[in-house]
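Novice: Here's the letter readout for the chains.
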Amino acid sequence: MISVENLSKQYGATTVVDGVSMVIERNSITVIVGTSGSGKSTLLRMINRLIEPTRGRVLIDGHDTTGEPAHLLRRRIGYAIQGHGLFPHRTVAENIATVPRLLGWDEARIRARVEELLLVFQLDPGAYAGAFPHQLSGGQQQRVGVARALAAEPAVLLMDEPFGALDPIIRAKAQDDLLDIQRRFGTTIVLVTHDMDEAFRLGDHVAVMSHGRLLQYDRPAVLLTRPADPFVSRMTGVSDRAMRLLSLTTAGEAALPGVSEGPAVAAAASLREVLSELLWRGADSAVVMDADGTRRGYLTIAAILERGRPG
Amino acid sequence: MSVRTALTVPRLRRLDPLGALLAGAGAVAAVFLPFVVLKSNRIVPGDPRGLLDALPAWGALGCQAVLICAAIAALGVSNARVRLGAALLGVAAVALAVAAAGDALTPAGNKVVRVAPGAGFWVLLMCLGLMATDAVTRMRPGPGLRVLFLALSIVVAGLALAHGTFDHLSVMREYAVNADRFAREARQHVWLALGSLAAAVLVALPIGILCHRVPRLRSGVLGTLNVIQTIPAIALFGILMVPLAALAAAVPLAAALGIRGIGAAPAAVALFLYSLLPIAANTVAGLKRVPRAAVEAARGMGMTSWQILTGIELILALPVILTGIRIVLVQNIGMVTVAALIGGGGLGTFVFQGIGQTAIDLVLLGAIPIVALAFSAAVVLDALAEVLDRARQ
Amino acid sequence: MPGMAAILRLAALALLLGFLLMPQSFAPLFTPLTQYGAPPIYDQGNLLTLALAHLGVVCCAAAASTLVAVGLGILVTRPSGAQFLPLSRTLVNIGQTFPPVAVLAVTVPLVGFGEKPTLIALFAYGLLPIFENTIVGLQTCPPQVLEAASGMGMSARQRLLSVELPLALPLILEGIRLSLVINVGTATIGSTVAAKGLGEVIIAGLLSNNNAFILQGGLVTGLMAILLYDALAGLERRICRTAHLE
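Chains as they are written, first to last, in this note's numbering: chain A, 1 to 311; chain B, 1001 to 1393; chain C, 2001 to 2246.
If you are wondering where the hints come from, they were derived from the structure by calculation, not from laboratory data. Just so you know, even glycine gets a beta-carbon here, dropped at the ideal spot from N, CA and C. The reader is advised that the hints may include incorrect statements.
Just the calculated beta-carbon pair ranges, DEER-fashion [as the list claims (entries may be wrong)]:
#1 C:ALA2082 - A:THR15: 24 to 32 Å
#2 A:THR66 - B:ALA1391: 47 to 55 Å
#3 A:THR66 - C:PRO2079: 18 to 26 Å
#4 B:ASP1103 - A:GLY12: 52 to 60 Å
#5 B:VAL1177 - C:ILE2239: 51 to 59 Å
#6 B:ALA1199 - C:LEU2017: 16 to 24 Å
#7 A:ASP106 - C:PRO2079: 47 to 55 Å
#8 B:GLY1311 - A:ARG55: 57 to 65 Å
List of simulated lysine to any residue pairs, SDA-like, C-alpha gap at most 20 Å [unchecked claim]:
#9 B:LYS1288 - B:GLY1356
#10 C:LYS2196 - B:PRO1141
#11 C:LYS2116 - C:LEU2067
#12 B:LYS1039 - B:ALA1359
#13 C:LYS2116 - B:VAL1201
#14 B:LYS1039 - B:ASP1103
#15 B:LYS1288 - B:ARG1216
#16 C:LYS2116 - C:PRO2032
#17 C:LYS2116 - B:GLY1356
Full structure from sequences and hints, please.
Specialist: Written out as structure tokens, the structure reads:
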């Protein structure tokens, strides 16, 4: 659990982050979203003390982060940034091994961990361990960047626009991978982005920032249905907020018990996708199937529309 | 908040680290090293004299007072103007002190006794010079101001020399003996440096443009010029003596024009050859820096290739080309010195004669003007390049 | 083309070594340049010894310049030393504006004749390229890479040693190469103040009007400079390749 208490950062007369307090739950993904200059990156960088706060403090599992030298703190916290920041003069394996080496792990353990991570990130260790960053594609570089951040099994992973440099298709894949990784390792992830779709797709909780202040910090559905501020509703988008709301629920969660006619849809698909499928096919109802092929239940257009209304 | 600020007692500021170093070195030099050296003639080793032994009491005390003020400014004053003022006052004080020591220690009418500035003087001058340099760098003066500052320094130094302030110092004694030759060799020095530069600009500029337009030529041409640069200056001077001697022997007109194997001709040719690479390479680099869009737009508006070159590309490349010219000029001023070894004249004549006779005063008579020339050239051309670069943006 | 370059390189090296080890076998080539039966090959000292002494002085000076210039470059690119950047730059520039002959001339009375004045002159003259390249190399490290290094918990020292310096290495090496090559030529003037080196051969030629000596000294120095330039450029390319920079 990360507690941010009344955190502020001032440069001279300008206040970049202004009295932000928030509690980030363990084993969840929290997305901080805002326009450029909103202070979101500064807030993130104060958590691992790349920037020292002017006022306020950060507690990780109850311990004040100023209780140890900043560089030792950072070795316990994963950090991934836009454009990956891989060391161009080191191989993929050496890049991933950076923090374990700093922590003095023995070589056998490092080798095992590097191999494990490469497999998790769908990179064949035989082909990629000895490769240099410039020999990889953009998506692969980004995956190595995240693998490197996770190498020392940090409980907390901070990510600053990690997918900003990727094209839309690779980005969607990277986002799915991140959700898988989070489930697998149970890492507490704090991610900064300016992309609201990304925030809704990834975040268990979303924090909206503007001009250094935290405007609202809640579950995505609450942000849509009860925005605390005109800026928040502008950020979340008025014109397609019903569709956004539908995209937050999966067919499996909304499935009604019973049997019905109609095309089969996956339980993992969002209601938005199911609605689109039904409209396209001209059908009224769909059968919800689990990944293993068993029936979960059914959905009708009316039932889906019901979920697209606030309250 | 305001109450707290008002109540805060001003703490002693941290000592300036560079100032501490300079003040320390200066103090050691002032106390332990000889300020001047008194020699019974121009070649024998001399008798070291401290500041107090060399000057009347009031003069020594005055000089020391100014130096202590400069040291205090170096240690604790952060205002760059004050630091510069203090450093310049210090320079004036040690210069006047060394001149006064020359007057005081030279028996009236004696032309053999030499009073030379000692290690203490040189170290003090270096410390004060560094302090002034540091202050000027902190003030970040514009190009105009830098040239003005240089001009003022030249005027002050010129007035002091014309007035005869330093006439009793050993270097000026050497000058008095060699005054006619000095003027001639100085002219020759400047002439060789500038003449070879001008010729090199005329040749290297077209070479650079050609290399830019025809990339195939680039590595070959620049590589060849690079090889020329690796030949040591003395050797190139020497090697050129052979063909030029042959030319003079074979073509009477060449001999009539003053071309011969020994003397200024091989030096001029060698300097010209050395100058080609920096100018050509910088022309290529400068032209490469010209935005493609500007050239495309000019072509789109119907300018001819020649109009684009003279009206756009060369204008935009000028600051980089000028940087090349600055490198060449400073390099040439230094290298002309070596020309003295093959009878090419220039201020190097005094340097090598001095080394040969172990007469350090004669060495300094050549070396000090060479250094002053090189610095002045660097300051002026740097300023010019900066002005052009600013105008460009 | 690379085959051609390798052949040229080997030929130059063979020529240099052949001349230094068996100078007398080149005598017929140089005889036409001499007059009145003067010796065609330098006979007042061993050419190989002189070449090695020459190289020794140049390398010592380059080592000192490298140590000071890289150290200074590192200092002024740290936040704590940034205030010294303008002054250091000015001083290093002055080092190259001061003509080496003038440095020789004024240091002789302080340290005496011999190798020392040459070392000082070459040291001061060679600082600039190394210093400037060190600074450019350190300042142009990709900011994301530095950010990632700090973000992962490297201390300032670890970041400097394992990220910044390796990334700046090719540029630093280039600076050392430029400095070395300038100084191989410049070192010949050291012989005017009795430093051992190839300048001795050239000056002997100038004094005795023996063109063969002048040409020998010049050619050996030039060949050494070119081979050194070429070898260091090769080393840089190799480091870039193995480190996969650019």
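Novice: Would you say the C-beta atoms of VAL1177 of chain B and ILE2239 of chain C sit inside 51 to 59 Å of each other?
Specialist: For ILE2239 of chain C against VAL1177 of chain B, whose Cβ atoms are near 57 Å apart, the range 51 to 59 Å holds.
Novice: Would the pair LYS1039 of chain B and ALA1359 of chain B pass a check requiring their Cα atoms to be no farther apart than 20 Å?
Specialist: 12 Å, holds
Novice: Quickly compare the C-alpha distance for LYS2116 of chain C and GLY1356 of chain B to 20 Å and report which way the hint goes.
Specialist: 18 Å, holds
Novice: Between ALA1199 of chain B and LEU2017 of chain C, does the C-beta distance stay in 16 to 24 Å?
Specialist: 38 Å, violated
Novice: Run the distance test for LYS1039 of chain B versus ASP1103 of chain B: straight-line Cα separation, threshold 20 Å.
Specialist: 14 Å, holds
Novice: Just tell me: holds or violated, for the beta carbon distance of THR66 of chain A and ALA1391 of chain B against 47 to 55 Å?
Specialist: 51 Å, holds
Novice: Are the Cα atoms of LYS1288 of chain B and ARG1216 of chain B separated by 20 Å or less?
Specialist: Answer holds: LYS1288 of chain B to ARG1216 of chain B is near 15 Å, not above 20 Å.
Novice: Measuring from beta carbon to beta carbon, are ASP1103 of chain B and GLY12 of chain A in 52 to 60 Å?
Specialist: Hint holds: Cβ distance 57 Å, inside 52 to 60 Å.
Novice: Between the beta carbons of THR66 of chain A and PRO2079 of chain C, is the distance compatible with 18 to 26 Å?
Specialist: 20 Å, holds
Novice: Is the hinted range of 47 to 55 Å satisfied by the C-beta distance from ASP106 of chain A to PRO2079 of chain C?
Specialist: Since the Cβ atoms of ASP106 of chain A and PRO2079 of chain C sit about 35 Å apart, the hinted range of 47 to 55 Å is violated.
Novice: Are the Cα atoms of LYS2116 of chain C and VAL1201 of chain B separated by 20 Å or less?
Specialist: Judged against 20 Å, a Cα distance of about 37 Å means the pair is violated.
Novice: Measuring from beta carbon to beta carbon, are GLY1311 of chain B and ARG55 of chain A in 57 to 65 Å?
Specialist: 58 Å, holds
In summary, the numbered hints that this structure violates are 6, 7, 9, 10, 13 and 16.
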